[in-house]
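Asks: Sequence:
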Amino acid sequence: MTSPSKAILERCIFCKIVTGQDPNASIVYENERICIFKDIRPAAEHHLLAVPKYHLDDVRSLTEAERPLLDEMRQELGNVLKDQFQVDLAEVLFGFHVPPFTTVKHLHMHGMGPVGSMGFISRMIFRPNSMWFKTDQTIMDQMPSVSQDKTPTQ
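Oh and the sequence shown: position 54 is 494 in our numbering, straight run, nothing missing.
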């Protein structure tokens, strides 16, 4: 894993958060690969974001190599919501906004719940498998497989 370049770090708020350069971020969990923090505009009573500690633009940047990263992001978001905030995981929505409907160009998985605490507008913004928001499972199902990642040799 490499640190974000200086140019990316200067323009990406999530890169600043994962490198400890944003004192306003409310980090609730981190390890050597991911960082989880509170969303500044929560759509539910508990709304967290999980981001990789290296810069990936969005879901279109994902390859099969990132599948374990997505699994870890989902697992740790669930652990934090359950253990730190006592949220029933059956009441949690996990997913990603898809371009051009992203507000920060750094891959981030939303974990929010309980879904019953979401208002009408939030339910629209985070409507599962709409044109603008996909669940984590849908994103994983749509990821290119290893065979699709490789270009044929001649």
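Fair warning: there could be bad hints in the mix.
As the list claims (entries may be wrong) - Below, simulated PhoX-like cross-link-like pairs (lysine-lysine); rule was C-alpha separation at most 25 Å, straight line:
1. Lys493 / Lys522
2. Lys456 / Lys493
3. Lys574 / Lys522
4. Lys478 / Lys574
5. Lys574 / Lys446
6. Lys522 / Lys446
7. Lys478 / Lys522
8. Lys493 / Lys446
9. Lys456 / Lys446
10. Lys493 / Lys545
11. Lys493 / Lys478
12. Lys493 / Lys574
13. Lys574 / Lys545
14. Lys545 / Lys446
Hint data in this document are derived by calculation from the structure and do not stem from the laboratory.
Asks: Of the hints stated earlier, which fail here?
Replies: 5 and 6
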